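Q: Sequence:
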Amino acid sequence: MDIRQLRYFIAIVEEGKISAAADRLHISQPPLSQQLKSMEEELDSQLIIRKGKRFEVTEAGKALYAYALQVTRLMEEAEMEVKSVGNGANGTLSLGINTLSLAELPGLLQRFHIQYPKVYLKIKQNESTHLCKLVRDRVVELAIIRLPLEIGDLSVIHLLEEPFYFITSDQCEPFETEVSLQDIKEFPLLLPSKEGMGLHYIILEGFSRLELKPNIIGECSDISTLLDMVSSGLGASIVPETVLKRHPEKSIRSYRLAKPDNLLAPVGLVWLKNHYLSKAAQHFVDMIRKEYC
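According to my numbering, the sequence shown is numbered sequentially starting from 1476.
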């Protein structure tokens, strides 16, 4: 039996007459009678007992009717679910984020959730380089990363270029509002991220461009621990503005890097070129474009 035959049988039972069921289904009576006979032969059971123009449903017929209702309902729900996922109302948004990707991200996700409340949010956090690998491996569809990185096979929306700040313990002698890389080259510096990664590279490249040799005493990829180390007076650091927005409670002083020494940390949303994006991911990309483009 197929779903069409089950729907035929539901109409026969509910209408009580073959002719009425045929009218409901917009087919002629003989083919419907043949379908009923075919079902009875396949199941080796009598489904209805004819009594003149009407009939009674047998126990076997009642059992089939109950299951037919369940099956057809599940089919209808499946069709609605697939269509809903197809248009982005349901489904999953798989998004990779860098530890320091975007201070505005929670607000963006909240607005997305309000618009698409049935979309399941699957957020993975990692370093930008690894996030690009996850996008290429189709583990996540989208990622918000720190640039610059090699992204030749990725599409990108540039979201913003974030300024860097020099931070020290609040016990240190304060500077003016802004500082230069020349001013801080002697300070013991703890660099965020790992050697070779985006932030680490941007900071060292800034010093190198000015032919300055910074006093690097260490690195720490965990930002909360880095800030605790700075707060304790172990060393100073240079971090993007997002860090200050996310950790306002830390006992530190912050100073924006003055022009022309100011460093900028580009942030972008990436996905794999020439590959299928789910409707949920497309809706998120569209929202990002409206916000930043």
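What the hints contain is simulated information worked out from the structure, not anything from laboratory work. The structure displayed is predicted, hence computed values, not measured ones. Backbone N, C-alpha and C define an ideal beta-carbon position, used for all residues, glycine too. Hints may contain errors.
[Said to hold, decoys possible] The calculated lysine to aspartate or glutamate pairs, modelled on DMTMM-like cross-linking and capped at a C-alpha distance of 25 Å, are:
hint, residue 1, residue 2
1, 1748, 1516
2, 1720, 1651
3, 1492, 1519
4, 1599, 1490
5, 1526, 1516
6, 1725, 1645
7, 1754, 1628
8, 1608, 1694
9, 1597, 1628
10, 1765, 1703
11, 1599, 1612
12, 1748, 1636
13, 1754, 1519
14, 1725, 1761
15, 1593, 1645
[What the hints assert, rightly or not] Derived DEER-like restraints, expressed as beta-carbon distance ranges:
hint, residue 1, residue 2, range
16, 1683, 1750, 50 to 56 Å
17, 1691, 1600, 47 to 53 Å
18, 1724, 1478, 25 to 31 Å
19, 1611, 1685, 32 to 38 Å
20, 1690, 1633, 30 to 36 Å
21, 1553, 1527, 48 to 54 Å
Q: Give a verdict on every hint.
A: Going through the hints against the structure:
Restraint check for residue 1748 and residue 1516: not satisfied, since their Cα atoms lie roughly 54 Å apart, outside the 25 Å limit. Between residue 1720 and residue 1651, the direct Cα distance comes to roughly 20 Å. Compliance with the 25 Å bound is thereby established for this hinted pair. A hinted pair counts as satisfied when its Cα atoms are at most 25 Å apart, and residue 1492 with residue 1519 qualifies at roughly 22 Å. Between the alpha carbons of residue 1599 and residue 1490 the distance comes to roughly 54 Å, so the proposed pair goes past 25 Å and is violated.
About 20 Å separates the Cα atoms of residue 1526 and residue 1516, which keeps this hinted pair within 25 Å; it holds. Taken as a hint, the residue 1725 and residue 1645 pair is honoured in the structure, with Cα atoms around 9 Å apart against an allowance of 25 Å. The hinted pair formed by residue 1754 and residue 1628 meets the criterion: a straight-line CA distance of about 21 Å does not exceed 25 Å. In summary, the hint linking residue 1608 to residue 1694 is supported, as the alpha carbons are separated by about 23 Å, within the 25 Å threshold.
This hinted pair checks out: residue 1597 and residue 1628 have alpha carbons roughly 23 Å apart, not beyond 25 Å. In summary, the hint linking residue 1765 to residue 1703 is not supported, as the alpha carbons are separated by about 37 Å, beyond the 25 Å threshold. With a CA separation close to 14 Å, the supplied pair residue 1599 and residue 1612 stays within the 25 Å bound. For the suggested pair residue 1748 and residue 1636, the alpha carbons sit about 23 Å apart, so the restraint of at most 25 Å is met.
This hinted pair does not check out: residue 1754 and residue 1519 have alpha carbons roughly 46 Å apart, beyond 25 Å. For the hint linking residue 1725 to residue 1761, the alpha-carbon distance of about 36 Å lies beyond 25 Å, and the restraint is violated. With a CA separation close to 45 Å, the supplied pair residue 1593 and residue 1645 exceeds the 25 Å bound. Taken as a hint, the range 50 to 56 Å is violated for the pair residue 1683 and residue 1750, whose Cβ atoms sit roughly 37 Å apart.
For the hinted restraint 47 to 53 Å between residue 1691 and residue 1600, the CB-CB distance of approximately 26 Å leaves it violated. Between residue 1724 and residue 1478 the CB atoms are about 60 Å apart, so this pair departs from the stated range of 25 to 31 Å. With their beta carbons about 35 Å apart, residue 1611 and residue 1685 fall inside the hinted range of 32 to 38 Å. With their beta carbons about 33 Å apart, residue 1690 and residue 1633 fall inside the hinted range of 30 to 36 Å.
Checking the proposed 48 to 54 Å range against residue 1553 and residue 1527 shows it is violated: the Cβ atoms sit about 39 Å from each other.
In summary, the structure is inconsistent with hints 1, 4, 10, 13, 14, 15, 16, 17, 18, 21 from the numbered list given earlier, while agreeing with the others.
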